[in-house]
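Undergrad: Line by line, the protein sequences are chains A and B.
Position 170 (the first sequence) corresponds to 170 in this note's numbering; numbering is contiguous.
Position 81 (the second sequence) corresponds to 419 in this note's numbering; numbering is contiguous.
Some hints here could point you the wrong way.
[To be verified] Here are the simulated DSS-like cross-link-like pairs (lysine-lysine), alpha carbons at most 27 Å apart as the crow flies:
no.	chain 1	residue 1	chain 2	residue 2
1	A	K160	B	K643
2	B	K380	A	K256
3	B	K422	A	K160
No wet-lab data here; the hints were simulated from the structure.
Spelled out, the chains give:
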Amino acid sequence: MKIGVLTGGGDCPGLNPAIRGVVFRALDFGDEVIGIEQGWKGVMEKITRPLSLNEVDEIINFGGTILFTSRTNPFSIEGGPERAIQNLKELGIDALVAIGGDDTLGVASKLFDMGVKVVGVPKTMDNDLSGTDFTFGFDTSVNVAVDALNRLRDTARSHKRIIVFEVMGREAGWVALYTGIAGGADWVLIPEERPDFDAMCKHLEKDFERKGYALVVVSEGTELPIDSESEVDQFGHKLLQKRGVAEYVANLIKEKTGIPTRSAVIGHMQRGGSPTVFDRMLGTRAGVKAVDMIHQGDFGKMAALKGDKLISIPLKDATGKPKLVSKEWIELLKVFLK
Amino acid sequence: MKRIALLTSGGDASGMNAAIRSVVRVGYVRGVEVIGVYSGYKGLLNADFHPLLPRDVSGILERGGTILRTSRVPEFKEKENQLKAIENLKAAEIEGLIVIGGNGSQSGNYALSETGFPTIGIASTIDNDLWGTDYTIGFDTAVNTAINAIDKIRDAAVSHGRTFIVEVMGREAGFIALDAGLGGGADFILVPEIPFNIEKIVENMREAFRKNKMHHLIVCAEGAIHGRDLEKEIKKYMPEADTRVSVLGYIQRGGPPTRFDRILASQLGEHAVDALLGGEKGKLVGIKDNKITLIPLKDAVTKRKTLNEELYRLAEEVSV
């Protein structure tokens, strides 16, 4: 059997272990693995290279993806899906492993409806994919963010300042929540809750009086009063980078409380780096599971982590509706805002 | 000398705590009482003095920031405030002062020393811009943090085939940018000291695209050009360029000091105490050619430390 594998959307740590898992498991069945480069763009333009054991053997600790990625969406191109299907046929690919977040898996799901034998491997740093407990990339990125927050604490304490720290998280606040709790923040703003800036400032004034500094973690997707239409990408997402959430919140705190406040943005360094053990294990297991699913004819599904087991769930269940931070989590967070 | 004071001033740097620990403990061993001055020069004006004993500085070696806290006090430039500070020191029977800090802080220290009061400086700033020293406390940690971030950013740059602009600290000096750029494998390094040509950068990028190298890393010091402005400039010539900007900002400042900064800070702390006790004044303790040396404060703050141009050339050569 000839298995194609691609990675789409934003890169994240764990993609390479997943690719490696696919290749290693495929060898057990005597399959041939074709790497499709740059996500769906590679399908549209037939950019491929064979993946052998040698090529993936040592990538377990690499961040990013050796297959490269793109945000190309075949369904926003005229005749795109048909061309994608035709190209896969011409490449002789019997089954496809699509590794990506809800956009990439959304495309996979639609192609499955059109007859393509495809299985999904979920990835997202934001951890906002329904149907899975965790996706790889999240653990590494939160560890990077917690490390950064603890560095910022040194500066905030030394200068007697408030520092507002912006982390990734477009629709879901998991990264901010975990960073805030595990890094010891004094206030956390997430997209799931409309910010109560008055309550926040009051609380920060109290913290500042008690210990001479305070730390705020804010999700890039947090709702701001200034929001208006802005640039969008091929999947219709707002390009959040130019919004300056941290700067906005820092200025607001400065104005309301008069306390010197600075902002910092973690940005793209949060995406990369060597994956943590958790993400290596999850990526590896998901890659193996995907090949097993192919051999069981379990198409149109993705390998999802539920508890400590990898199970297959329909792609449709996973895409579309993001997994948001629940009330219980917000209650837990509030325990640590004192 | 029976009693000396110690303060940290200006921007915090990782390793300041290691220096505090060294001064306090070496002072104790030498039989000198060490008084901590809180919040930098502000604490001198308010006589915010607290004795520090060896156990007060336990567990701070590995911590970033400064337990003595710091401040920036523009009014300390005024003569009457400097005299008031000396008065406060004398009233507390303090006979010498050690100032841990960078350029601005050591300028204040120099002003104090001009009144005749014995003061010694410890070179500590992430900017590494003190003349007469090769490395200042905090620089190594900051650069390592920056390199670490660049390594992570490269994953995204390569995966997406993008151009990443990483802005690092350095308003007037490009030391962080140069070391982080060379150590992080940047394709271009922009520093305030050396003029750069956007057209040349864009031309080099085009050439690389032709050779199928799709990603680029540009490290710029904030004082050379801001990342966002650089992005705009590049887009003027190459509207098609897929660019992203990452401003490292305050993350560079903090965090546990590297082994280099811990050891340097411990050495400088010891030498500062011994310099004061040996009757030195108006000097900065720093490392030069791998030796701990005393540099006149006046030279350290008035002469301009130049960038290592050989290193800059090397960075250009290896990014071919």
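Undergrad: Each hint should be assessed against the structure and marked as holding or not.
TA: Outcome of the hint check:
1. A:K160 x B:K643: Measuring from Cα to Cα gives roughly 30 Å; hence the hint is violated.
2. B:K380 x A:K256: holds, 25 Å
3. B:K422 x A:K160: Measuring from Cα to Cα gives roughly 24 Å; hence the hint holds.
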